[in-house]
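Below, each chain spelled out in residue letters.
There are 2 protein chains.
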Amino acid sequence: MTADTAYPVTPRNRVKRLHERASYDRAAVHAVLDAAMLCHVAYVIDGQPYATPTLFWRRGDTLYWHGSSASRMLRHLKAGTPACLTVAHLDGLVLARSGFNHSANYRSAMCFGTARLVEDPEEKIEAMRDVVDRFYPGRSALLRPLTTQEAKATTIIEMPIEEAAAKVRAKGVGDDEDDFALPIWAGVIPVTTVLGAAETCPRLVDGVGKPQTLSIFPEGGRLDAALREGQRLYEEP
Amino acid sequence: MTADTAYPVTPRNRVKRLHERASYDRAAVHAVLDAAMLCHVAYVIDGQPYATPTLFWRRGDTLYWHGSSASRMLRHLKAGTPACLTVAHLDGLVLARSGFNHSANYRSAMCFGTARLVEDPEEKIEAMRDVVDRFYPGRSALLRPLTTQEAKATTIIEMPIEEAAAKVRAKGVGDDEDDFALPIWAGVIPVTTVLGAAETCPRLVDGVGKPQTLSIFPEGGRLDAALREGQRLYEEP
Chain F
1 MTADTAYPVT PRNRVKRLHE RASYDRAAVH AVLDAAMLCH VAYVIDGQPY
51 ATPTLFWRRG DTLYWHGSSA SRMLRHLKAG TPACLTVAHL DGLVLARSGF
101 NHSANYRSAM CFGTARLVED PEEKIEAMRD VVDRFYPGRS ALLRPLTTQE
151 AKATTIIEMP IEEAAAKVRA KGVGDDEDDF ALPIWAGVIP VTTVLGAAET
201 CPRLVDGVGK PQTLSIFPEG GRLDAALREG QRLYEEP
Chain U
1 MTADTAYPVT PRNRVKRLHE RASYDRAAVH AVLDAAMLCH VAYVIDGQPY
51 ATPTLFWRRG DTLYWHGSSA SRMLRHLKAG TPACLTVAHL DGLVLARSGF
101 NHSANYRSAM CFGTARLVED PEEKIEAMRD VVDRFYPGRS ALLRPLTTQE
151 AKATTIIEMP IEEAAAKVRA KGVGDDEDDF ALPIWAGVIP VTTVLGAAET
201 CPRLVDGVGK PQTLSIFPEG GRLDAALREG QRLYEEP
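Top to bottom, those sequences are chains F and U. At position 218 of the first sequence (counting the first as 1) the number is 218 in our numbering, and the numbers step up by one without a gap. At position 80 of the second sequence (counting the first as 1) the number is 80 in our numbering, and the numbers step up by one without a gap.
Among the hints, a few may not be true.
Unchecked claim - The calculated SDA-like cross-link candidates involving lysine to any residue, where the alpha carbons are at most 20 Å apart (straight line), are:
#	chain 1	residue 1	chain 2	residue 2
1	F	K171	U	E199
2	U	K210	F	A104
3	U	K78	U	V118
4	U	K210	F	G172
5	F	K210	U	V118
6	U	K171	F	T200
7	U	K78	U	D91
No lab work stands behind these hints, which were simulated from the structure alone. Every value quoted in this text rests on a predicted model; they were computed, and no experiment measured them.
Kindly produce the complete structure, drawing on both the sequences and the hints.
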């Protein structure tokens, strides 16, 4: 499967509201995912749903994240458990001439599948290297190596994407035609997530510089652009 | 109940990992919620969990959001359904000297309760006014009024918070003591979500200015600060 194909559409992932904003294309879904570090994973434990915020990463059509409160449950569920991993970027506040037409610009993706523990020790070590290198290109090779104890203490969860949908709003005010003539201010306030100046650890050994590979995170740059570039380098090192 | 009391702690909301980052105080939970416009709500529909991104607002100890794919389900469940509403702010990327100690600075809150439809017509109209005024102080009074048709077409969901937990990481690199001596760059890259210059609707009636109340959204300002100020004005107009 390549990035120009689409995910299957079923009752689970079909977008019900404002379906003109939806896409099931792999490329559209991956574009939303790859611009993010933070996702929310929904699980059910004993009938109670949880939306757990966590860092995640994508490798092909599989999503990975660190263990969470679901880890203990998953240890007893070798077959895995249904989950939904969602990413949402807020891009703008849309102020219309009626309350009803107020909105937001956003990019979101919901991915459905079966979450399971990565139990194979080699796969787990590879995943722990990937979580560093996907965000910080080539960084794992520069670090103090992983210990056996650290690998044991880490839980990694994987979820092959079975179905997914992206939903995007990226436009101006959508007022009712009659309302445009009203003397009411309307417009869009853009929202972006940006990087600040790196704060070097005060205990850094003298003379150690910031690796060149971290230049994808420039002061004042957009986080989403940096993360997309990180994913590109991770896929084509 | 006042903001200086704590939510009850049960197996549902007790923080399991890194519990030193947790707080069950109302004030701590509200501080995370009030800095956000976007949340993720977890529901279960036919055994499948969904993490749905949506705009939300808080009034006292009750959370509100617009209807979603769960609306149809809720119409048949007068008693409501268990839900979890989560907010997470990413505040920084934490690069350590080992892969294991890489982390992120963040503020998150998970709220648990029973989601149900707001069906009383007056309560619904009040909620539709609140969703405007909570984000844009005093704005509902300036707008073209809500129509009966619009009120009918809108679904509002409410969830009194039964339990909640906030979790915050806001510090520098936490390396193992032995690792600080290694010649590896480490530090924090701050992340903030900021406002751009307002883009006025191109179809604005001549001479209409931006209302003074929108000055809480200054160009270059932080979104979280603007939203906290909006909540303060909403609570004490």
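>> For a C-alpha distance cap of 20 Å, please report whether F/K171 and U/E199 respect it.
In response: The hint holds at about 11 Å.
> Does the alpha-carbon distance linking U/K210 and F/A104 stay inside the 20 Å limit?
Replying inline: Cα-Cα ~18 Å, so holds.
>> Would the hint linking U/K78 and U/V118 be met if the CA-CA limit is 20 Å?
In response: Since the Cα atoms of U/K78 and U/V118 sit roughly 10 Å apart, the hinted pair holds (cutoff 20 Å).
>> Just to be careful, I want the Cα atoms of U/K78 and U/D91 compared with a cutoff of 20 Å; is the pair within it?
In response: Since the Cα atoms of U/K78 and U/D91 sit roughly 39 Å apart, the hinted pair is violated (cutoff 20 Å).
> Does the alpha-carbon distance linking U/K210 and F/G172 stay inside the 20 Å limit?
Replying inline: Within the cut-off at roughly 16 Å; holds.
> Has the given pair, U/K171 with F/T200, been kept, meaning a C-alpha gap of at most 20 Å?
Replying inline: It holds: about 12 Å lies between the C-alpha atoms, which stays within 20 Å.
> Can the restraint linking F/K210 and U/V118 be considered satisfied, given a maximum Cα separation of 20 Å?
Replying inline: violated (54 Å)
Hints 5 and 7 from the list above are not met by this structure, while the remaining hints are.
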